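Protein chains in written order, with the UniProt record's numbering: chain P, 1 to 257; chain G, 1 to 282.
FYI, nobody ran anything at the bench for these hints, they're computed from the structure.
Since we're looking at a predicted model, the values are computed, not measured.
Note that the Cβ used here is the ideal one computed from N, Cα and C, for glycine as well.
Some hints here could point you the wrong way.
[To be verified] Simulated crosslink set (DSS-like; lysine-lysine; CA at most 27 Å straight-line):
| hint | chain 1 | residue 1 | chain 2 | residue 2 |
| --- | --- | --- | --- | --- |
| 1 | G | 128 | G | 204 |
| 2 | G | 217 | G | 147 |
| 3 | G | 128 | G | 115 |
| 4 | P | 160 | P | 104 |
| 5 | P | 160 | G | 127 |
| 6 | G | 147 | G | 128 |
| 7 | P | 160 | G | 128 |
| 8 | P | 160 | G | 115 |
| 9 | G | 115 | G | 147 |
[As the list claims (entries may be wrong)] To be clear about the criterion: a stretch of chain P counts as covered by chain G if any three or more of its residues have a C-beta under 8 Å from a C-beta of chain G, and this derived list gives those stretches:
| hint | region |
| --- | --- |
| 10 | 31 to 43 |
| 11 | 154 to 162 |
| 12 | 178 to 188 |
[Said to hold, decoys possible] Listing some non-contacts, in silico: residues in chain G with all C-beta distances to chain P over 10 Å:
| hint | residue |
| --- | --- |
| 13 | 28 |
| 14 | 45 |
| 15 | 55 |
| 16 | 64 |
| 17 | 125 |
| 18 | 127 |
| 19 | 146 |
| 20 | 172 |
| 21 | 192 |
| 22 | 217 |
| 23 | 253 |
| 24 | 254 |
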Amino acid sequence: MNYAIRRRMWSAALIVAFFLGWEVLCLALNVSDLVVPRPSQVMATLVARFPVLWPHIIQTLWTTMIGFGLGVAVGVVIGALIGTSRVAYDTAYPLLIGFSSIPKVAVVPIFVLWFGAGPVPAVLTALAMCFFPIVVNIATGLATTEPEMEDVLKSLGAGKMDLLLNVGLPRTMPFFFASLKIAATYAFVGTVLAETVASNKGIGNVMMSASSNFDVPLVFAGLFILAFLGVALYVLFSVIEGRVVGWANRRTDLSPS
Amino acid sequence: MNPDLAQIAPERKRPAVQLSRASVAFGQGAERVQALQPTDLHLDEGEFLALVGPSGCGKSTILKLVGGLTRPSGGEIIVGGREVAARALRVGMAFQNPTLLPWLTIEQNVMLPLKIVRPFRQDYARKKRGEYRDRVHALLADVGLEKFAGHYPWQLSGGMLQRANLCRALIHEPSLLLLDEPFGALDQFTREELWGTMQDLWIKRRPTVILVTHDLKEAGFLGTRICVMSARPGRIIDDSPVTFPRPRTVEMTFQPDFVALNQRLRERIIDARGESARKVAS
Chain P
1 MNYAIRRRMW SAALIVAFFL GWEVLCLALN VSDLVVPRPS QVMATLVARF PVLWPHIIQT
61 LWTTMIGFGL GVAVGVVIGA LIGTSRVAYD TAYPLLIGFS SIPKVAVVPI FVLWFGAGPV
121 PAVLTALAMC FFPIVVNIAT GLATTEPEME DVLKSLGAGK MDLLLNVGLP RTMPFFFASL
181 KIAATYAFVG TVLAETVASN KGIGNVMMSA SSNFDVPLVF AGLFILAFLG VALYVLFSVI
241 EGRVVGWANR RTDLSPS
Chain G
1 MNPDLAQIAP ERKRPAVQLS RASVAFGQGA ERVQALQPTD LHLDEGEFLA LVGPSGCGKS
61 TILKLVGGLT RPSGGEIIVG GREVAARALR VGMAFQNPTL LPWLTIEQNV MLPLKIVRPF
121 RQDYARKKRG EYRDRVHALL ADVGLEKFAG HYPWQLSGGM LQRANLCRAL IHEPSLLLLD
181 EPFGALDQFT REELWGTMQD LWIKRRPTVI LVTHDLKEAG FLGTRICVMS ARPGRIIDDS
241 PVTFPRPRTV EMTFQPDFVA LNQRLRERII DARGESARKV AS
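Work out the full structure: start from the sequences and follow the hints.
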């Protein structure tokens, strides 16, 4: 049995063991489902309520995707600007750090004030949550490009755009994908956050109203859905990453330093 | 004792490279460091100039000036009849570090200049699978890499990477080739092998070459002319032709007149180092 298969089996075994342990502990300690429901109860709730949950799942998913897409676009543009220009890097970084340090919960009410309750604040919160890691990674990737790599192209008369397209961006792809995986999960957090505070649709809203009704299994069902969506997105980007930046993972000691 | 170099090279036909009082200084005010003293240098088309001298003497600076990567603080640099600042040169460059792009195959790496340099880039999309591809393969075959076109850089050894690097510097048929210690990081035998490769490429295509090197044997093997530079701030203190017949062989480098040339250059560099050491001490 090769290493990859064995690793996957261990990984799956860990997940199964986690839920089994949870189930057994709840039964053994006789934990009320008002505190921590058993996974089997959560799954039962999930299945039973799925028709009701479905529109909310779709809502959360598409708001997240829009926020994430915009966040990626904004992040790439700002990252490219900062990464290619020393001046922009020095000037804009303090502002960006300041902005990213603001707890996004605090921003949601402002978005609600401007745009009303609904999907718009959720999209914006998702965007605000996820664009920063992309900016940092793109900027770092571009700023750390070996000057010799660029010199080769410059001596051929390459312009700034040639450099960006042929050296800067391809080199930055591994950084970019690493940040996408972080950003995707952040985007979910942002959406759910905004839905919890001010929305009448979406998983965040479902969890909020379920908890005020003491429908704890439904709250956990919401968590399960979010975890699943997060993993699905992560897997999607991993697959794309493997295709696009396989070169970065295949480097060995044979390559020159 | 050092005759004016402009007089050594009396009027010749088209100069490939012409430095007139070109100098470089970095930094401002009190921290200003003179990297290159005003230098005159004249290269005819098809010459193979080897530039030797102590470390940090400004050899690479001259190369970067000619390649348009560094701007002169004073003087003038003319390459192929145009001032360098005007750009759009057809220069090929190779450094000690092969700097092949790790996300491209060897073939794609070598083809890169055709994607960038005019007039090739206009036809790039149309010809990259046909004419350009054949051209890359022919050049790779010249250096014995034809079987590795589809490999990625990490799959090749240091010597092979440097061959591919030379191909990339030559694919757009530059009239000027700038080499900054391209064989410096290789072991002795691979290096000698690559001297042969380089010589073959030069004989076949006859580009004008400036080679920066620490290796006097390499300079004598490849150059049609050797310039010795003084320690920083650099200037050219010796300029001698190399007249051994071609193709040269490694065996030739052990013969008395080759060894004598090496000795003489060596002494000049030691002198230059000594001068600067005394300057630092006083």
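Beyond 10 Å from every Cβ of chain P: is that where the Cβ of residue 64 of chain G lies? violated (8 Å)
Are residue 217 of chain G and residue 147 of chain G close enough, with their CA atoms no more than 27 Å apart? violated (31 Å)
Is the nearest CB of chain P more than 10 Å from the CB of residue 125 of chain G? With a cut-off of 10 Å, residue 125 of chain G remains clear of chain P, as the shortest Cβ separation is near 14 Å.
Residue 172 of chain G clear of chain P by more than 10 Å, beta carbon to beta carbon? violated (7 Å)
Go check the region 154 to 162 of chain P versus chain G for me, would you? Three or more residues, Cβ under 8 Å, otherwise it fails. Check passed, 6 qualifying residues.
Holds or violated: residue 128 of chain G to residue 204 of chain G, with C-alpha atoms at most 27 Å apart: holds (24 Å)
Take a quick look at whether residue 115 of chain G and residue 147 of chain G sit within 27 Å of each other, Cα to Cα. holds (23 Å)
Pair hint outcome, residue 147 of chain G versus residue 128 of chain G [Cα-Cα no greater than 27 Å]: holds (19 Å)
For residue 55 of chain G, is the shortest CB-to-CB distance to chain P above 10 Å, so the non-interface label stands? Consistent with the label, residue 55 of chain G stays out of reach of chain P, its closest Cβ about 18 Å off (over 10 Å).
Just to be careful, I want the Cα atoms of residue 160 of chain P and residue 127 of chain G compared with a cutoff of 27 Å; is the pair within it? holds (24 Å)
Do the alpha carbons of residue 160 of chain P and residue 128 of chain G lie within 27 Å of each other, as the hint requires? holds (23 Å)
Against chain P, does residue 217 of chain G keep a CB gap of more than 10 Å to every residue? Nearest chain P Cβ is 23 Å from residue 217 of chain G, so the label holds.
The earlier numbered hints that this structure contradicts are 2, 4, 10, 12, 16 and 20.
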